[in-house]
Every structure is written in structure tokens, then in C-alpha cells.
Amino acid sequence: MPVTVRTFTSTAEAASALSSDRGARYLGGGTLVMRALNEGDISISTIVRANDHALRRIDAAGPRVTIGAGVTFAKILAERDLGFLHAPARSIGGPAVRNMGTVGGNLFAPNPYGDFTVALLALDATIAVQGGFGAREVPIEEFLQSRDRQAGSLVISVTCQKPASSDAFRYRKVTRIRPKGGSVITIAAQVPVSSGRVLGARLALGSMAPAPVRARAAERALEGRQLDASTIAAAASAVTEGTSPVDDALGSAWYRREIAAVHLRRLLSGQE
Amino acid sequence: MSKTALQFRHNGRDAAIFVDGGTNLLVALRELIGDMTPKFGCGQGGCGACSVLIDGELHLACLTLAETVAGRSVETLDGIKEGPNLHPLQRAFADHFAAQCGYCTPGMLMAAKALLDRNPQPSRAEVVEAISGNICRCTGYEPIINAVLAAAASRARA
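Residue numbers (this note's numbering), protein chains in the order written: chain A, 1 to 272; chain B, 1001 to 1158.
Simulated from the structure, these hints should not be mistaken for lab results.
There could be a bad hint or two in this list.
Calculated pairs, DMTMM-like style, for lysine to aspartate or glutamate (alpha carbon to alpha carbon, straight line, at most 20 Å) [unchecked claim]:
#  : chain 1 : residue 1 : chain 2 : residue 2
1  : A       : K75       : B       : E1129
2  : A       : K75       : A       : E137
3  : A       : K75       : B       : E1031
4  : A       : K75       : B       : E1126
5  : B       : K1003     : B       : E1067
6  : A       : K75       : B       : D1117
7  : B       : K1081     : B       : E1057
8  : A       : K162      : A       : D81
9  : A       : K162      : A       : E79
10 : A       : K75       : B       : E1057
11 : B       : K1081     : B       : D1014
12 : B       : K1003     : B       : D1020
13 : B       : K1081     : B       : D1055
14 : B       : K1003     : B       : E1031
15 : B       : K1081     : B       : D1117
When you get a sec, could you build the whole thing from the sequences and use the hints?
Written as C-alpha cells, this is what we have:
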């Protein structure tokens, strides 16, 4: 069924078009919205686009990086200052999907997709959102809790702190086929070590709940301790606490719970 | 619902069509322009059969809103032959039995071309990565990977 396409030059206009029309969806890279249209999703009556250059901007020179919502994964892989995000970006799709899919769209990608968002959750990112009445900054956790009720607003950019060292941020996506495939489980871990102890651990899991979630019990097991075998074992045994994985074609909920501890242990102990 | 006028370069020629709102590039190419080389596989971004180059970059036509290519250059398999001769990749696919049913082949060739255009001498791992978004249910991929590597080698000799 044909839909109406509305293209704006500013994000503010696009946001106000989104907030005034229930059937409006924002089109980023197309990998979610065009897919929905191809499947005959009749809830979409209007496609809203914005050609605002701010959406494609990357500011990565300093310790705090800001990435426009319209930046593709291919662009992230081409940016040397975003090296810490290369592993999650590379884990998404094939080359064509990485040329299309965007950071902003990934925030809305349902399981078994949305791996980049798992990384952003572990990095404690902030999401800049433009509503019909102005812009605001939302912590990513809060954003994810209400992401299905975000109608009428538009993600402008994401911001996060660069990890203290290359060891302080780790990422692993488990798939059934390599190098590409949907996530059986995705783990991102921020484990900054200060004077031999973990300070400010943040663990995020993908495909273990309806949206990416933190593994708080495992974080507590790491916090203030040396990152040694017994600490890692304690974190691994707590990693599934509070998760609610589902059965899908890639794996059962049981299987996901079983392997979460194994992969967290390998990730934290630096094993392949 | 009104139609939108759309002009872009299609395999080096100007193309002008009218599209309904929400029409994807694959439908525009196949049904409005008549270029049947990009295939419809899944419509979800999972199979790569509709792969085309937009301004030289590999994209999935089925997930591209047609009107976003206004003023840009779209290249499909139909445009890669060199005069009366097959493109070296096409020749290599034929020589290495890299096509059986042939449905994935246009997408595979475009993904391979996107790779060789910017990396003329790829490693085997780079070839595997480059076609990782394209599904083939016949060949088991090995003949395709060998064909891409052979095409790269023949280019290097030429």
C-alpha cells in the first residue's frame, strides 16, 4: 500500500511531523522501516525523513564522543578514533547492511538484532532526543525501558565516554554462523581497572531480554575486586540474574542461559 | 496517493520514472525500469539477492526507499559487462562453477565487485567477509570464494 513520504531539512521539523501523526515512522537506513513495509505493515502510513547534516556528524577527537543518529556502521568502521566501537560495528550484518544501518536505528532493533546498542549500554551512553517541543538528553537505560513508547520523538545522536584503555571495554557476539548472523547472545563489558581493582563495571547483554539489559548482579560481583579467576567465576554464575531470554530459531531460552556464563567468563579472562 | 518523479543514473544512463510513496528501489528497477538483474529474495535484508551499488557503495535495493537515490548513480549487474565481453568476475564465476541455480549470483557479483573496486587484491578472509551478507543455498560458497579470488588474480596479471 502506498505511503506518504515527507522529507525535511531539519530534525526539529521531522520531529514535529512525527509527533503529529500516529502512523508516521522515521526512516533512517531503511533496514527496519523498509523491511516492515515489505512485510506489509499497515500501521505505517507516513515515512518521515530528515536531510539534516547534524545526523551524520561524528565528533570523536576528545575523550567524549558524539555520533549522529544517521551515522552508518560502515562510517564508524572508517573512523580511527572510534576503534573501541569497531568490534560491535563489524558484528552487524554484511557489508550492505553496514552501509545502510544506522546507530540511531539500532536503538530500536528488536532481538536478535540491536548489537550496537548492547555496546552503548555497557558504555553508559546518553541519547539526545528531539521531541515535538524541544530536545532532551536521556540515559540509555531509561531510553531502552521506554523505547516502544517513543512515538513522536526523534533520536539525534548518542554520546559516550571513550573507555580508559582498550582492555577496559570488551565485546562478544555469539552467532550460529560466521561471520554474519543474528545474535544468540551478545555481551559488552566495561571493566575499567584502577590500582588492580575493577571500578565502575558495566555489563550489558543482548538477546537475553526484550531489549538490551544490564547484568547488575554480575557487575556487583566484579566491583572493587581484582579481575582474577574467582571474581570472574562469581560474575559468570550471576550473569543470568534478572534476564528473560526467549526461544527463537537461533537458540532456546535454556541454551542462552547456559552459554551466557561461559561466554562472559571467556570475555573477561581474555580467551578467544 | 500521488506519484513522485524520480531521476537517477542507472548503469551510466539517465533514468526517469514515477514512483508511488514507499516504493523500494528493487521494485523501481525491476517493474518500472525493466532491469531484472537484481532479484527479490527475502525483502528483509537477510539474503543479499537484491544487492546493487549506489554511488559505488553496496546497498540492498529492497530496503532502499527508491526516492532516496534521486540524482545518484545506481549500478546493477546489467551494467557491469564490458562491451560485448563479460566482466572478469562473471567470467570467473562461469569458469569456477560459482553459479548453480543462479538466483544469488547477481547479488554475489555486485558484492564481489564492491570489494574488488576498493581492494583489488583481497585475502580469502576479506572475500568471505565481503559476501557474508549474501546467501547461496547451492554452492556451499567455496566455488564463489575461489571465483572472486581468481578474478582478482586475473586482473593483477592483466
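Identify every previously stated hint that the structure contradicts and give their numbers, smallest first. 2 and 3
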